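Novice: Given next are the chains, with one letter for each unit.
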Amino acid sequence: MDDLVSVEAVSRRFPLDHSEVRALDDASLSVERGEFLAIAGPSGSGKSTLLNLMGCIDKPTSGRIVLDGEDTSKLSPARLSAFRREKIGFVFQTFNLIPVFTARENVEFPLLVQGVSADERRHRAMDALESVGIAARAQHRPDLLSGGERQRVAVARAIVHRPALVLADEPTANLDTHNATQLIDLMRELNLTLGLTFIFSTHDQRLLEHTPRIIRLCDGQVVEDMQHAEVVHG
Amino acid sequence: MAKFLLLAFRNIFRNRRRTLMTLLMVGGGVTGLLLAGGYFAFMTHGLREDTIRNGLGHLQIFTAEHFRRDEIRVLDTGIENWRQVAATVRTAPHVHGVAPRIEFYGMVSNGQKSSIFMGSAVDPDAERSLGFSTFLTAGKDLDGDQGSDVEALIGAGLAKSMNVKVGDGLTLFAVTSDGALNGVDVQIAGIVESGVAELDARYLRITLPSAQRLLQSDRITNLVVGLDDTANTDAVYNELIPRLSGLPQRMTVKKWIDLATYYKQVHNLFNGIFLFMGVIVFFMVLMSSVNTLLMAMFERTREIGTMLAMGTPRAWIILLLMAEATLLGVLGAAGGLAAGNLLGVLLNASGLHLPPPPGYTVSVPFRVLHVPAMMVSSSILVIVSLALASILPAVRASRLQIVEALAHV
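As they're listed, the protein sequences go chains U and Z.
Those letters in the first sequence? Residues 1 to 234, by UniProt numbering.
Those letters in the second sequence? Residues 1 to 409, by UniProt numbering.
Source of the hints: derived by calculation from the structure; they are not laboratory data.
Treat the hints with care, since some could be wrong.
Calculated lysine to any residue pairs in the SDA-like style (CA-CA distance at most 25 Å, straight line) [stated by the list, open to error]:
#1 Lys3/Z x Gln139/U
#2 Lys59/U x Ser398/Z
#3 Lys3/Z x Arg85/U
#4 Lys87/U x Trp316/Z
Computed Cβ-Cβ distance ranges for the label pairs, DEER-style [said to hold, decoys possible]:
#5 Phe283/Z x Asn174/U: 41 to 47 Å
#6 Val384/Z x Thr177/U: 51 to 57 Å
#7 Gln114/U x Leu275/Z: 45 to 51 Å
#8 Leu392/Z x Leu75/U: 27 to 33 Å
#9 His123/U x Ile391/Z: 36 to 42 Å
#10 Ile273/Z x Gly115/U: 46 to 52 Å
#11 Ala135/U x Arg16/Z: 26 to 32 Å
#12 Leu286/Z x Ala135/U: 45 to 51 Å
#13 Arg18/Z x Thr177/U: 35 to 41 Å
#14 Phe276/Z x Arg13/U: 52 to 58 Å
Taking beta-carbon pairs under 8 Å as the criterion, some of the chain Z residues facing chain U (in silico) [to be verified]:
#15 Lys3
#16 Arg14
#17 Ala41
#18 Arg302
#19 Thr306
#20 Ala309
#21 Thr312
#22 Pro313
#23 Ile402
#24 Val403
#25 Leu406
Since the structure is predicted, the reported quantities are computational estimates derived from the model, not experimental observations.
Idealized CB from N, CA, C, for every residue including glycine.
Turn these sequences into a full structure, and let the hints steer you where they fit.
Specialist: Next comes the structure, spelled out in C-alpha cells:
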C-alpha cells in the first residue's frame, strides 16, 4: 500500500491576544490508501485542526502535508479548491446540509460543482443514497429527516464523487449512541466495499473499538499511533 | 446552471418575512415610479396634443426670412403665393389639411379704452377642418361667411380689461406693409378662454380677409399643417423639405416641438422630477438591500463555508448571491408592475381631478398612462439596484475563511 496522506512535522499556531496558541505541534503521521483511521483525543487536543489541515481548508504554520502525491502547501487557492473538489469528501459534526435542497440534491452538489451532467448526477446521487441505506428519503428536505438520516445523507454527499479521502470531523457528536455506532459501521462498510480512505475524529471511546487504527492527540502532539491487528482487515 | 438558479430561487424564500419586506420595498418603488411617470406621461401627452390641436398644428411653414422679420410689419417677410404652397403641401402623404394664418400685433380700442393685442387671423373653415378648437365662454365662433369679415373673437382677459361683451364694436389698429397706420372696425362674435391667463389677456382672432384688409397685403405669415397622426411629424417634415425647395420663395418648415416652448419646459420639468424620483428609489433600494443581504449572508455563513470546503469556486458564491438578489429584484419588479398598473386603472376609473396648475384656470383630470418603456426602465432600475446591492455581501461571502465559517454559530 502507498501513502495517501503524509503529514510532516506540521505545526499550527493561532494568535490569541498578545500570545499564541499551539493547536498542533510538530505532528507527523502518514495514512495509506484505503485505511480506516480514527483521530482520538480530548477536546482541544488538535483533532479538528489536523483534519482541517489534511482537508486543505487551513494552512500549517510550519511543516508540510502531501496528499495523493501533491505538496498542498505549494498549491494556489484556486488549485486547492479544485483539489478539494476532486479528492476530498467532508462529513461535518452538524451535518451542514443545504436546507433548501432535498437529500438527493444535497448529494448531487459536489457533482454539480464538478460540472457533471444532470442525468449522471441524479443517477450517481441515488446510488450513493442507496449505499447509505436512505434512498427512500431522497426527496425529503433535511428538516424532515432525523439526525441519523441527515448524517447518512452527509456521508452520501462525501462519497458520491469517489474522493481519495473522506474526512469526518466528530461525525457522531450530534447523534445518540445507537445512531453513532451505526454511522461508524456504515463508514467502515463503505471503506471496505468501495476502498475509500476514511479519517474521522472522535472523543467517544466506545466508537474506537472496531477502528483498525487510532491516532491519539494530546495538546497538539501525536502521542499514540495504535493498530488493532484483529480489525485491520475487517 | 439550472440547479444553481433553483438554489438561488429557493434561497429567496428561506426567510419569508424578510423577503416580503424587500419585495414590498422594491415593488413599492416600481409602483411609485409607474404612477408618477404614468401621470407625467398623461400630462405631457395631453399637453402635446392640446398644444397641437389648439392651433399649433404638427408643422408650420414660414418664409426663410420670417424669423428675421420686423415685428411691426410682419407681412414684409410673409408668404406671397401661399395658395400654391398650400397646394404643394396637401399632396404630401399623411397631411390632413393646411390652414393659412397671419400672426400680428396691434392696438384695439372701444372708443374709451385701448390695449395691445396679439392677433391671429385665420380661415375659420380651414381651422375647423383641422380640428383646431376654440374654447368659447360666450358668443359664437367665426364662420367662413362674408359677414364674418367684420367679426372677432377676443380673449376673456382682454374682454374684461376692455369691459366689452359679445356684440360690442371694436376698432383694430395695425401698421401696414407700407408703414402706415390702418384701422378696421369689428364686432365681438365670441369670447374665448385658452386656460393660460397671460394669453387670454392679449388674444384677438379675426378672419384672414379682415387682417389682409387691415395690413393692406395679400400675404400670410405662415401655413399650419395638420397631420393624421403626431407620430408622422418627422416623416412628413422630411417629405416636405425637397418639395418646397422648388418654389420661387425660400421656405422654412418648423416641427411643432420647435415651436412649443411651454410644452418643452413642462416636458423637461417632468423628466427632471421623474429622474430625481428614480435616483431616490435607486438609493432607497440599494441602501436597504445591502443591509438585508448582509444579514442573509451572515445567517448562512456556515453553509457558505461548507460549499467552499467542498471546492465550490469563490466566483460561484458571488454569482449565487447576486443571482438571488437579481431574482428578488425581478419578483419585486413584477409585483410592482402589477400593483402599479392595477392602481393606475383604479385611479383612472375614479375620475379624480387636480386643482389648476399655476397660470391655468381649469382643473386637470388625474389620469395615469400605462407606458411600456417606463415599465421596462423602472423594472431595470430596481433589478440593477438589487444586483449592485448584492455585490458587497457576495464578495464578503466569497472571501470567508473556511475554517472560521464552519465554526460560525
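Novice: Quick one, are Lys3/Z and Gln139/U close enough, alpha carbons at most 25 Å?
Specialist: The given pair, whose Cα atoms are some 15 Å apart, holds under the 25 Å limit.
Novice: Using Cβ atoms only, decide whether Ile402/Z comes closer than 8 Å to chain U, and label the hint accordingly.
Specialist: holds (4 Å)
Novice: Let's test the interface hint: is any C-beta of chain U closer than 8 Å to that of Thr312/Z?
Specialist: holds (5 Å)
Novice: Return holds or violated for the Cβ distance of Gln114/U and Leu275/Z against the range 45 to 51 Å.
Specialist: holds (48 Å)
Novice: Is it true that the C-beta distance of Ala135/U to Arg16/Z lies inside 26 to 32 Å, as the hint says?
Specialist: holds (31 Å)
Novice: Let me know if the C-beta of Val403/Z comes in closer than 8 Å to any C-beta of chain U, holds or violated.
Specialist: With a closest approach of 5 Å, the Val403/Z hint holds.
Novice: For the pair His123/U and Ile391/Z, does the Cβ-Cβ distance stay inside 36 to 42 Å?
Specialist: The hinted range 36 to 42 Å holds for His123/U and Ile391/Z, with Cβ atoms some 37 Å apart.
Novice: Between Lys87/U and Trp316/Z, is the straight-line Cα distance small enough, at 25 Å or below?
Specialist: holds (19 Å)
Novice: Can you let me know if the beta-carbon spacing of Leu286/Z and Ala135/U is within 45 to 51 Å?
Specialist: holds (46 Å)
Novice: So, as I understand it, the hint says Ala309/Z touches chain U; can you test that by seeing if any CB pair is closer than 8 Å?
Specialist: Given a least distance of 5 Å, the restraint on Ala309/Z holds.
Novice: Going by Cβ atoms only, is Arg302/Z closer than 8 Å to chain U?
Specialist: Holds, about 6 Å.
Novice: That 41 to 47 Å hint for Phe283/Z and Asn174/U (C-beta), does it hold up?
Specialist: Holds - the Cβ-Cβ distance for Phe283/Z and Asn174/U, about 45 Å, lies within 41 to 47 Å.
Checked against the numbered hints listed earlier, the structure breaks hint 17 alone; every other hint is satisfied.
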